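Protein chains: 2
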Amino acid sequence: MAHPDVFEILKSKSGLVQKALDAYLPARGSSEMAELNSFYEMLWDYNLRGGKRLRPALCLLTCEMFGGKQERALPSAVAFELMHNFLLIHDDFEDGSELRRGAPCLHRIHGAPAAINAGDGLFAKTWQALLANRRLIGAGRALKVFDEFARQCDYTVQGQAIELGWVASNKWDVEEKDYYKLVELKTAHYTTTTPMRVGAICGGAPMKEANAIDKFGLLFGTAFQIQDDVLNLAGSEKEMGKEVGGDIHEGKRTLALLHAYRKARGKEKQELVEIMAKPRERKTPEEVTRVLEIMNSLGSVEYAKKKALERAAEAKKVFEKKFSHIKDSEAKQSVEAIIDYVVERKY
Amino acid sequence: MAHPDVFEILKSKSGLVQKALDAYLPARGSSEMAELNSFYEMLWDYNLRGGKRLRPALCLLTCEMFGGKQERALPSAVAFELMHNFLLIHDDFEDGSELRRGAPCLHRIHGAPAAINAGDGLFAKTWQALLANRRLIGAGRALKVFDEFARQCDYTVQGQAIELGWVASNKWDVEEKDYYKLVELKTAHYTTTTPMRVGAICGGAPMKEANAIDKFGLLFGTAFQIQDDVLNLAGSEKEMGKEVGGDIHEGKRTLALLHAYRKARGKEKQELVEIMAKPRERKTPEEVTRVLEIMNSLGSVEYAKKKALERAAEAKKVFEKKFSHIKDSEAKQSVEAIIDYVVERKY
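Protein chains in written order, with our numbering: chain V, 1 to 347; chain Z, 1 to 347.
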């Protein structure tokens, strides 16, 4: 592990966010109505399962990097986590996923109607958390943060629409450039670019510093998503908290799978096409394993890994160049350490 | 018809909102990607089906009533319509509904995953529409409007959680006070109270005028929902654009049905309990008709109608008292006319 301190950084920021969450979610068991208490449990559930809390950490660190106290970014950091959990609940249902953070997805426990509604509840709470910015950073900046959240939400949903569209129409002749467009929309904005832009805004940086994050953030966010896909193919269920090969099951277009589609020939190609054309519920575990085998034999997983590393390295270069004028600090070093971590992580 | 002009008022406000929508939703067919164009169609769909547009009308009229030009409330009025359509898409799925505004519900056309995602897309657009307030009414008031939207969303989702909980646990011993609590949370805030509070804020009224709307708005909104339930039982599918008795099918706890539960005896009671205990897909059309018959024989629909009228009359009294100091205007008269309309309407 090149940067063991990353775990300490994430742990410390995560602790802060966990503590602050109490102010933004209703206390468990606090209603007189059983139905509302059950709803509160759903709002808390994914939060209590943990997760890396990468987004809030990036938000808090960027605020500090620009000279702001991290407390100025805390409601926004909490809002990123609430929004992330809202998106996970809806995406898990939309993708037909089984496991999330080591336990069944929310819709598999409470049914889809209640889970979708709980996701909407977290969206309302995201919005409410951001209202605390008014007193903390002033009305003008508070509105800028709203703007950032609205835009990232718009992008993320567009990305999900593209992915759902590809799955529904069984489209496999996806070009790499369209894959990258998908990943930027669906992941990069809300995972790296926007948390860091908002951190800069909360930290009092001028908008040109926030804008300077974009190119770096999209590279970094794309590296993150490719590595996420690689782990889904090659990680361990225990460490990830979700099923290995789940993306194959769900029919997701990942960089590795698109590579395999391009490279496969003859009987292998035919097998790949036939298995991937089946809807989720008709793919057997043996078929998922067979797709994994084909991908490994074609070097597809290695290919994706390489692309993630390339992008992370480029992200780091862009970061160093764009922010060379920002004085060195623990926060700045931590952001750089997180870039390395993103492609070295095991879950 | 006591107030034929209500249709003209709603039509004129609806036209304004329809025109303004173009600025907040992506143009249909404007993307290079087929998947995004299909997503844009889903964002537009419920909007293009029409609807009464009661919420934007109340928002615009209240702005005018407090002396503001309605243009100051236009982005908020659009946001109410976007938010309403987002909630309808999700609720239609969660309730297992069939028809909306005369056509199949969005999830029945595109499947639940794409429809839920389109609902989230409209939520992002709601948020973006509200950002236009910054230049129009200033940062301070723009944040107040965000606050109102966040709160109404939180309430609405809580109300939906209660209703879904009752359906899931087959709870029928619901007291009338809990029914009213549900209706205030689920309907009244986002249908009447908040649109009018936001109208007042956009119109430049002090917050104490906005707060004075609450009591009136909850009575008015409750009358609206009871009448909505009555129409669902006694209206015509053609006028409503949804199936008659759909609430019985979906197992909704309405005032009329709760009345029937209290009043039914012997064999009738047993029939009612048995039919309503069945999940949606196992209720036959004959059983739904039988429940309607029992309700009519017990005077349950008349009972609900009476309660709606009582609340509307009380709402009107409260309105006249609280806003006697606001000078008479076409806008003020229109709001009063809408109160009458709400319980006299046929769809």
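Wrong hints could be hidden among the right ones.
Since copy identity is lost for identical chains, a pair holds within one copy or between any two.
The calculated lysine to aspartate or glutamate pairs, modelled on EDC-like cross-linking and capped at a C-alpha distance of 16 Å, are [what the hints assert, rightly or not]:
id, residue 1, residue 2
1, K171, E35
2, K181, E32
3, K181, E35
4, K177, E32
5, K263, E302
6, K322, E209
7, K252, E35
8, K269, D22
9, K278, E41
10, K177, E41
11, K177, D228
12, K267, E175
13, K52, E268
14, K252, D45
15, K171, D45
16, K263, D328
To be clear, the hints were calculated from the coordinates, so they are not data collected in a lab.
Keep in mind the model is a prediction, meaning the values are calculated, not measured.
We went through each hint and held it up to the structure:
Within a single copy, K171 and E35 get their C-alpha atoms only as close as 42 Å, which misses the 16 Å cut-off; across copies the closest is 11 Å, which meets it. For the homomeric pair K181 and E32, the shortest alpha-carbon distance between copies (12 Å) is at most 16 Å, but the shortest distance inside one copy (47 Å) is not. In this assembly of identical chains, the alpha carbons of K181 and E35 lie at most 16 Å apart only when taken from different copies (13 Å versus 41 Å within one copy). For a Cα distance limit of 16 Å, the shortest separation of K177 from E32 across copies, 13 Å, qualifies, whereas the shortest one inside one copy, 53 Å, does not.
For a Cα distance limit of 16 Å, the shortest separation of K263 from E302 inside one copy, 13 Å, qualifies, whereas the shortest one across copies, 70 Å, does not. Within a single copy, K322 and E209 get their C-alpha atoms as close as 9 Å, which meets the 16 Å cut-off; across copies the closest is 50 Å, which misses it. In this assembly of identical chains, K252 and E35 lie within 16 Å of each other by CA distance solely across copies; the values are 15 Å between and 35 Å within a copy. In the homo-oligomer, the alpha carbons of K269 and D22 never lie at most 16 Å apart, since the shortest distance is 52 Å inside one protomer and 46 Å across protomers.
Proximity of K278 to E41 under the C-alpha cut-off of 16 Å is found in neither arrangement, the shortest distances being 35 Å within a copy and 27 Å between copies. For a Cα distance limit of 16 Å, the shortest separation of K177 from E41 qualifies neither inside one copy, at 41 Å, nor across copies, at 24 Å. Within a single copy, K177 and D228 get their C-alpha atoms no closer than 18 Å, and across copies no closer than 49 Å, so neither meets the 16 Å cut-off. For a Cα distance limit of 16 Å, the shortest separation of K267 from E175 qualifies neither inside one copy, at 23 Å, nor across copies, at 66 Å.
Within a single copy, K52 and E268 get their C-alpha atoms no closer than 37 Å, and across copies no closer than 57 Å, so neither meets the 16 Å cut-off. In this assembly of identical chains, the alpha carbons of K252 and D45 never lie at most 16 Å apart, being 26 Å within a copy and 27 Å across copies at closest. When the C-alpha separation of K171 and D45 is checked against a cutoff of 16 Å, the pair qualifies neither within a copy, at 34 Å, nor between copies, at 24 Å. Within a single copy, K263 and D328 get their C-alpha atoms no closer than 45 Å, and across copies no closer than 75 Å, so neither meets the 16 Å cut-off.
Taken one by one, the earlier hints fail for this structure at numbers 8, 9, 10, 11, 12, 13, 14, 15, 16, listed in ascending order.
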